[in-house]
Amino acid sequence: MRLRLTEEEAAFREEMRTFFTTEIPQDIRDDVRAGRHLGKDHFVRSMQAMNAAGIAVPNWPVEWGGKDWTPLQKHLWHEEMQLACVPTPLAFNAGMIGPVIAHFGSQELKERFLPATANVDIWWAQGFSEPNAGSDLASLTTRAERDGDDWIVNGQKTWTTLGQHADWIFCLARTDPEVKKQAGISMLLFPMDSPGVTLRPIKLIDGSYEVNEVFFDNVRVPGENLVGEVNQGWTQAKFLLGNERVGVAPVGATKRALATAKAHATDLGALSDPLLAARFVELENELLALELTALRVVANSADGKPHPASSVLKLKGSELQQDVTELLVDLAGPLSLSSGSETVPEWAALTVPTYLNFRKASIYGGSNEIQRTIIAGTILGL
Amino acid sequence: MDFELDEEQTALRDAVRGLLKGYDPATNSEHRREVTATDPGYDEALWGRLAEMGLLGLPFAEADGGMGAGPVEVALVAEEIGRVLAPEPYVAAVVLAGGLVAELGSDAQRSDVLGSLAAGERLLAFASGDVAEPVVQGARADTIVWEVGGEVFLVDRPAGAVAYRTHDGGRAARLEFDRAAATPLGNGGDARAALATVQARARIAACHEALGAMDTALRLTTSYLTTRQQFGVTLNRFQALTFRAADMYTDLELTRSIVTWATLVAADGDTAALPDAAARAKLQTVRAARRIGQEAIQLHGGIGVTDEFSIGHFTSRLTALSHWLGDAREQVSVLSASLGQHGVLDPLD
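Listed in order, the protein sequences are those of chains A and B. Residue 306 in my numbering sits at position 306 of the first sequence, with consecutive numbering throughout. Residue 230 in my numbering sits at position 230 of the second sequence, with consecutive numbering throughout.
The following block holds chain A by itself, in its conformation from the complex (with noise of 0.2 Å):
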């Protein structure tokens, strides 16, 4: 058992903290930090810049742009991003599509993609959820049929976040119906602006605009944009879905925000009521706990395999990350109120949008209910 990092693993930290709040623009930072709105151009320097780094992807393989890190300095890595408030990479090129075709994809399609995933000159968007299969996502129902070499897809994605910005999507669609759900799956890309596919925009109840439906109407596209073999769509989406619990808990976010509302509280003169610095306490507490969990992970999944306790970390983080959206709506108190004026600090204007936005991330990547049915079922054998 041993506590601290090594002599390598701290410099490693550093030399990621300085890069952080040294090489990625000020403004992104700052916005990240106030909790403003981000478009697409921020998502967008910020990861090519990154990418000028060689820092971009580095869950990928090193070929491919990836880099040979323990799993702790993917960790730290993870971390410091998140305490300088810089936008993580965009999480459909670099921990969705981007590891699936590198793992799954031929020669000829990593080339045609990788690189351009990596520096995002290629935005994608993630073809999966439809109305009638989110958890159950095997359960979906558009198809693709083959003509001559080509496919011909028909139907209808859903909460595909950030697609309004996405110039390629990766949908999976059933080529075979007659097997059973998971076995008639397949992966195919095509670009957004095919001939009939139709994007339209949901808005949220903060107003905002990040999840869109997608339609298809007889979108043709070449065989070669097939990923791996026909029918491995399940295995692939497995294989993605897989990927994206791993540093899905936001502990470095989170800590800043928490970091952020104490200071609100301070400036306020609230931190003096014993209630309130009692909150404070339990919930920096959790979050030592949860960031103590996530070290113990990676710090032993060194042969591949996820440690048992990985399960809890999309379920606690989710719950801690909005608990400081809660805690931050109830500083604001009455200001809360307010969606933006010139009298209401903007923090506190902004406090019950992403309180209410983020109801989202115990819903999202496997539901908490999802994660309690792992859980229940491959750790305790109930």
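In case anyone wonders, no lab produced these hints; they're calculated from the structure. Positions of the beta carbon are idealized from the N, C-alpha and C atoms, including for glycine. Please note that the accuracy of each hint is not assured.
For lysine to any residue, the following SDA-like pairs were computed, each having C-alpha atoms within a straight-line distance of at most 20 Å [stated by the list, open to error]:
#, chain 1, residue 1, chain 2, residue 2
1, A, Lys74, B, Gly18
2, A, Lys74, B, Asp349
3, A, Lys74, B, Asp346
4, A, Lys238, A, Asn132
5, A, Lys74, B, Val334
6, A, Lys360, A, Arg36
7, A, Lys74, A, Gln48
Cβ pair distances, simulated, as ranges [said to hold, decoys possible]:
#, chain 1, residue 1, chain 2, residue 2, range
8, A, Trp69, B, Ala11, 42 to 48 Å
9, B, Arg237, A, Pro177, 44 to 50 Å
10, B, Ala45, A, Asp273, 50 to 56 Å
Chain A regions said to be covered by chain B (calculated; three or more residues, Cβ under 8 Å) [stated by the list, open to error]:
#, stretch
11, 260-273
12, 284-296
On the provided structure of chain A, position chain B as indicated by the hints.
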């Protein structure tokens, strides 16, 4: 950063587990009941075997009759004790009272007192104030490590101390002290720094004991859910129940992380960081112990409230540990005082 036991530590854990297997509630829930039914409420023969194995001197210097081991080894002994709810007063006698003698005692005091503690010949208890209550094993202890006004003394057990049973099957007593009979530990004088350090170490060890108990409480509960039948199916078919077990697991793992971290802070020897680390471990442990203890009974149904079935005794012990060596309110108060001194908390700094 590494949270896993090495080979020697794993071997020690297995040996301790073997020694304590007589208490294992899965195989023999009667033994503990028999031991705790009569004074002194623990198994003195087993205490002797713990001594033979070197466990009663584990954290003390070899020159003082100890084994020279550290907080990690102490933690795993405490965790095994908690795992089977063994009533032996290990943390109270060895980590707390013995720890103060090790920290403050003169060469002669350490050699004499720790040597006989390690040999199983002398039981120590820690007491605080002119009138101390409840002192764990206060009526059985041969020597009391007594704190008053920030100074620490050795004193024989006061005459007339009467043991009473605590709700978790243990023994405690009210002790009234006469200063004349007290010998200062070491040079005497203000010992508050050493008290803070040793109490923090004991608090962390007690968290490990609770961790072991929570681990078993969850295991007994999942075992019950997979065997008990109602409505023609085993209880694990009901999602309302399995989700609650999943939350127990989440609590347990978060607690394991923070308590293990606190042990590593203790092992690191950073006495400035130790009290806060112990407070953090304790706060999380108390919160988790309450939820896990309650849920373990609820998921067992009526049998969970009976004396005959072991699960309720886990809840009782967890409740006792939660209110011994500082409760949650005290930890929140300690941590509130330092709240304004940091922005983000950084366990790696």
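Hint-by-hint comparison with the structure:
For the proposed pair A/Lys74 and B/Gly18, the alpha carbon gap of about 40 Å is over 20 Å, so the pair is violated. Annotation: proposed proximity of A/Lys74 to B/Asp349 holds, straight-line Cα distance about 18 Å (limit 20 Å). Restraint check for A/Lys74 and B/Asp346: satisfied, since their Cα atoms lie roughly 17 Å apart, inside the 20 Å limit. Only pairs whose Cα atoms come within 20 Å are accepted, and A/Lys238 paired with A/Asn132 is accepted, the gap being roughly 19 Å.
Distance hint between A/Lys74 and B/Val334 is unfulfilled; the C-alpha atoms sit about 34 Å from each other, more than 20 Å. The hinted pair formed by A/Lys360 and A/Arg36 meets the criterion: a straight-line CA distance of about 17 Å does not exceed 20 Å. As the CA atoms of A/Lys74 and A/Gln48 are separated by approximately 18 Å, the hinted pair is consistent with the 20 Å bound. Between A/Trp69 and B/Ala11 the beta carbons are some 33 Å apart, a value that contradicts the proposed interval 42 to 48 Å.
The beta-carbon spacing between B/Arg237 and A/Pro177, approximately 31 Å, falls outside the hinted interval of 44 to 50 Å. Our hint of 50 to 56 Å for B/Ala45 and A/Asp273 holds, since their Cβ atoms are close to 54 Å apart. Check result for the stretch 260-273 of chain A against chain B: holds, 4 residues qualifying (beta carbon to beta carbon below 8 Å, three or more required). Check on the stretch 284-296 of chain A: 12 of its residues sit with their Cβ under 8 Å from a Cβ of chain B, so the three-residue criterion for coverage holds.
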